[in-house]
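Given these sequences and hints, build the entire structure.
Single-letter residue listing:
There are 2 protein chains.
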Amino acid sequence: MVAGHRYKPKRNERIVYISQYLVDRPSQLVNYQTFMDHLNCAKTSVSEDLSLIKLVFEQQRLGTIKTFPGASGGVVYYPIVHPEEQRQIGEKLMEMLSKGHRILQGNYIYLGDILQNPNIVDRIARLMASRYIYEQVDAVMTMESNGIGLATLVARYLDAKFIFARTGKTTSREATRSVEFVSGSYHKVGRMELEESQLEAKERVLIVDDFIRNGGTCQGMIDLVKAFEAKLVGVCVVGENPAPDIVRTLAFDSLVSINLAFNEESRQYELELALGSLFEKKSEPTID
Amino acid sequence: MVAGHRYKPKRNERIVYISQYLVDRPSQLVNYQTFMDHLNCAKTSVSEDLSLIKLVFEQQRLGTIKTFPGASGGVVYYPIVHPEEQRQIGEKLMEMLSKGHRILQGNYIYLGDILQNPNIVDRIARLMASRYIYEQVDAVMTMESNGIGLATLVARYLDAKFIFARTGKTTSREATRSVEFVSGSYHKVGRMELEESQLEAKERVLIVDDFIRNGGTCQGMIDLVKAFEAKLVGVCVVGENPAPDIVRTLAFDSLVSINLAFNEESRQYELELALGSLFEKKSEPTID
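Chains as they are written, first to last, in UniProt numbering: chain A, 1 to 288; chain B, 1 to 288.
Honestly, the hints are just simulated from the structure, not real lab data.
Be aware that a few hints might be false.
Because identical chains share one entry, a pair is satisfied inside a single copy or across any pair of copies.
[What the hints assert, rightly or not] Okay, derived cross-link-like pairs now, EDC-like style, lysine to aspartate or glutamate, Cα gap no bigger than 20 angstroms in a straight line:
(1) K54 to E13
(2) K226 to E203
(3) K92 to D24
(4) K202 to D113
(5) K226 to E196
(6) K10 to E58
(7) K54 to D24
(8) K10 to E48
(9) K92 to D159
(10) K161 to E135
(11) K161 to E144
(12) K281 to D253
(13) K99 to E174
(14) K99 to E270
Values in this document were obtained by computation on a predicted structure and should not be read as measured data.
Below, the structure written as structure tokens:
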């Protein structure tokens, strides 16, 4: 490269680069200067490119872009899922749950094939992130192990750290804080812990998990958030199959509601599926 | 929308949409028809748009695009990280590791802050995926719990499922296969298991983990792959701190090599960091 003869990409090339750069960094503030330097262009060009990209993203329902003025300003891409697509993801989940052998021993519900598919988990994560995108989440928290993949992706879309509570069974080599919780699986009291370094007072925490049944695990995580004097933003799970009396004390959102209904004819339990409580709320975060 | 008057996006708008669509679906085959239908345009327009996008992606080192002809053909975006950026990611990791209190009791090395940052994990995952992108990986496998976030993202970039082995401590409600392994943490024999439904014979498996020390956990996972008559593609870890005699029997790639060196003056162990074995190999997968 010769000084004074730096390569100047054309507009088409700039907008491919800028849109890819933003999509790759969801919820992160990117300074205009980054683009001006890299694409060897003026601020007005970047502004014009961003206007076009914003237009296409909103028209095509790919999320939105917000620009912030000033020296410390820049642009942020928010990967908001359109309400209609949110509903499609919920329905896709119900469709998947209606197929295959789902009811395990002890009337547990099998979600393994869904939770090990990164494309489905990615869609679910984006939907969840959409609902909390303007809530300034600092940390996405889950309990080992089933929810970790999902929590990682939600955290990526929210530009937050992800942390997971461990059951007391594992030995941590660091200082921890722990709480007791009632394990839904065995109806007994367990202990879950989080390392001291993982969460700070006043940090804003979103709890994410795969499944809620009696709410004991989620209640434990809420207690952990309190033990760190952090702030709970919300609890969001993929599926709920609530025990009637226990969950009532817990506020949470779910994508799918799953009930076990006994079929008198076949003498077997069957799944009754419906869209979860998340869809009863306002369907889109406010764009201000 | 009125028939015959469908909205026809301009070229600028088409390329923003197409590039975003592809970046959002790494390693997945997308049919041209998807774009023709959505953007209300001819196949030649899609072809021209893809040529431009391919050019920009390769020029800007954002990965590559391959087109496959025929009725079942289409286009795939491979999120290949340029060798120079791969090295930068390795160096960034070394820089992070050189800061803070890293040496824990028992000379364990603290990676928590790195593994809970989704943006760093995303970069590491993309680097790892780059190295195996044309290896037709069906499943990315890890051991609970530390590697799960990373494995999820590697799987997403490779369009593979992600699965994790559990230690025998957890009670699975499904049929499992299990193997014994020598736990590096306690120098004792443990048992790890994988559910029958998670892996099939002949599937191609990439093992991913956060850290390798005596190789016992990775060897256990390799034994599990064999127990399922699946095919091992490779073993890739973030950090290696190998015990000299044990790891020698195990072939694996690492991003960072970490050694503990005793500083006679301060009477303390210190970290000696270097780029790992991954960087000794050919630096880029062949683009055919």
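Right, here's what the structure says about each hint:
1. K54 to E13: Classified as both; 16 angstroms inside a copy, 10 angstroms across copies.
2. K226 to E203: within (11 angstroms within a copy, 44 angstroms between copies)
3. K92 to D24: Between copies only: 18 angstroms across, 25 angstroms inside.
4. K202 to D113: between (36 angstroms within a copy, 18 angstroms between copies)
5. K226 to E196: This pair counts as within: shortest intra-copy Cα distance 13 angstroms, inter-copy 39 angstroms.
6. K10 to E58: This pair counts as between: shortest inter-copy Cα distance 15 angstroms, intra-copy 23 angstroms.
7. K54 to D24: Both ways: K54 and D24 sit 15 angstroms apart in one copy and 17 angstroms across, limit 20 angstroms.
8. K10 to E48: Cα proximity of K10 and E48: in one copy and across copies (13 angstroms, 16 angstroms).
9. K92 to D159: between (26 angstroms within a copy, 19 angstroms between copies)
10. K161 to E135: within (14 angstroms within a copy, 31 angstroms between copies)
11. K161 to E144: Both ways: K161 and E144 sit 15 angstroms apart in one copy and 19 angstroms across, limit 20 angstroms.
12. K281 to D253: within (9 angstroms within a copy, 47 angstroms between copies)
13. K99 to E174: For K99 and E174, only the inter-copy Cα distance (17 angstroms) is at most 20 angstroms; the intra-copy one is 43 angstroms.
14. K99 to E270: within (11 angstroms within a copy, 54 angstroms between copies)
Of the numbered hints listed earlier, not one is contradicted by the structure.
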